[in-house]
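With chain A fixed as given, assemble chain B onto it according to the hints.
Chains A and B are the protein sequences, given in the same order. Residues 1 to 326 in this note's numbering are what the first sequence spells out, letter by letter. Residues 1 to 326 in this note's numbering are what the second sequence spells out, letter by letter.
It should be emphasised that the hints constitute simulated quantities derived from the structure, not laboratory data. Worth double-checking, as some hints may not be accurate.
Copies of the same chain look alike in the list, so a pair counts if it works inside one copy or between any two.
[Claimed, not checked] Derived DMTMM-like pairs: lysine to aspartate or glutamate, alpha-carbon spacing no greater than 25 Å straight-line:
#: 1; residue 1: 37; residue 2: 118
#: 2; residue 1: 103; residue 2: 281
#: 3; residue 1: 37; residue 2: 140
#: 4; residue 1: 37; residue 2: 146
#: 5; residue 1: 314; residue 2: 255
#: 6; residue 1: 302; residue 2: 218
Model, not experiment: these values are computed from the prediction.
Residue strings, one per chain:
Protein chains: 2
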Amino acid sequence: MKGGGLGEFGRIRRFFAPLAGPGGLALRDDAALIPCKAGQQFVVTVDAIVAGVHYLPDDPPDLVARKLLRVNLSDLAAMGARPRHYLLTTALPAAIGDDWVEKFAGGLAEDQRLYGIDLLGGDSVATDGPAVLSLTAIGEVAIGAEIRRSGARPGDQIWVTGTIGDAFLGLAILRGTYPSLPAEQRTALIRRFQLPEPRVELGPRLAGIAHAMLDVSDGLVADLGHICEASQVGGTISLTQLPLLPAARQLASADPDLPGHLATAGDDYELLFTAPLNAADQIRRLSQELGLPITAIGNVEKGAGVRLVNAAGKEVSLAETGYRHF
Amino acid sequence: MKGGGLGEFGRIRRFFAPLAGPGGLALRDDAALIPCKAGQQFVVTVDAIVAGVHYLPDDPPDLVARKLLRVNLSDLAAMGARPRHYLLTTALPAAIGDDWVEKFAGGLAEDQRLYGIDLLGGDSVATDGPAVLSLTAIGEVAIGAEIRRSGARPGDQIWVTGTIGDAFLGLAILRGTYPSLPAEQRTALIRRFQLPEPRVELGPRLAGIAHAMLDVSDGLVADLGHICEASQVGGTISLTQLPLLPAARQLASADPDLPGHLATAGDDYELLFTAPLNAADQIRRLSQELGLPITAIGNVEKGAGVRLVNAAGKEVSLAETGYRHF
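Same shape as in the complex, but just chain A:
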């Protein structure tokens, strides 16, 4: 009953129960139900964010909710799964009022409509510390159609969706860097930081095409490293082929080190995958159909580890990019 106003039960009834799907049983039972479908498997992931670490306490609550949801949907897409349901835990300080929670739930409602998902359950507790928000997302994929990190093979091409480094630049702008960029570009980059676009349409369409896939959260280079490690292969990325927004390309023309930084920055929530050479046409057709850029940025090789090369094909040391191995 902490937090004043409606209290825990009141908030659940007022703000969260309307988000519940049929399996959520109006959030009034001890647990939720998800019927099995023949030939399918459920795909489950969980991510947590902390106020002051992953978002700023005065960020718009609807955007906080939607980003939390979307980073989880991105994980589902990276397995080739379609999003279906989610569960939510909120640990909130007493200073957070009903108004914040209402806006937070409003953000969830908006993305539920957008992605065709529903709430199955949750828990809300009080904390004396910063807010901690944890979301479990559940998707669905046909048995055998999942795409893991471990399937990359020498000779595969490396592909990435969208553009890379936007979130890094958006955060930099929020912190006061790049004041000379036009307002429109600044807004677009900040948006990319605050509201990633999980590639939920593409992910499941890559079943039978991609050999290995994940979503870029730690940074393109680190995440390609995860694929290489799990697949026991090496990978080379050409920095000049990195898909960048025009704003990023313009900044890079004055700062040749920038593409390397963007390749290691993280929080992109784009899909990074490998596929055999003969899949290239299929991938380009998918790109056109979905209106989503998908760019070939390198190749998988025998060996281990990730190499970056510049326009001349010369290796760029990772140290120069500020990259730290995890």
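The following block gives chain B in isolation, referenced to the frame of chain A:
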């Protein structure tokens, strides 16, 4: 990479990856896989706990882990589901070292063996505030065999497993109350507070027997209230029939108000269910077979709300028990 020592990735690899089941993919992919089984449905629940609110920062980490897991397994049992998997989020302050995390994971390992479950995934983040731990549990029940809160019917008997109020007394003892109780009884009551025993065997066995069920977490009276509200019925409990440990019975002989307090105290994690009169023999046989007391404590009636009656059949006002309506 916060928290010193092994860091986030190191802790996952060292302490949590060994807990992963086959569907957890060694915690190295973006999400976990759970294949569907024909005729089954998955049952999902989530609960979170906060240091200083739900447990004390210097409580043994293995017991903290096991209680967090068990309160979730109790929710699954209350739906009639068998526990299968779980996911875990930890938001930990930097002061918590690898040693604490190792013991915490050790507690999970112990209960995994006990309950035949495995870890599917998780997330670990850093917080400047108290630790927040959130666990999502996944169980399985045949389609149609789930037991909800809303099925109670007038004429049903009300049953509860185990004993009631032990956790309340255990916490009171930890806070210095009841110093004259024998050490053995004090230890047993504290144990009941620190390590509830979810009724995972009984829950699924009540399919087709119980009309409505939940687990007692808010307090027997409040939770019976939840059943009554969801089922649109009323319920009467006889305080003299409340199942109490000998220690509680002894304390109650000196404090006639105590049974009323115990009936509203909460954190029991016993199963509370209603069943038709003609199921009584089946229930008693289950009780014998499982070596688990199951006690008839009252009846479901037409109407609304929960009534407590004393030995003389006279109603005891809820106000006298310290009960607050949620």
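Results of checking the hints against the structure:
no.	hint	verdict
1	37 <-> 118	both (17 Å within a copy, 22 Å between copies)
2	103 <-> 281	neither (44 Å within a copy, 52 Å between copies)
3	37 <-> 140	both (9 Å within a copy, 14 Å between copies)
4	37 <-> 146	both (16 Å within a copy, 17 Å between copies)
5	314 <-> 255	within (18 Å within a copy, 84 Å between copies)
6	302 <-> 218	within (23 Å within a copy, 58 Å between copies)
Going through the hint list in order, the structure does not satisfy hint 2, though it satisfies all others.
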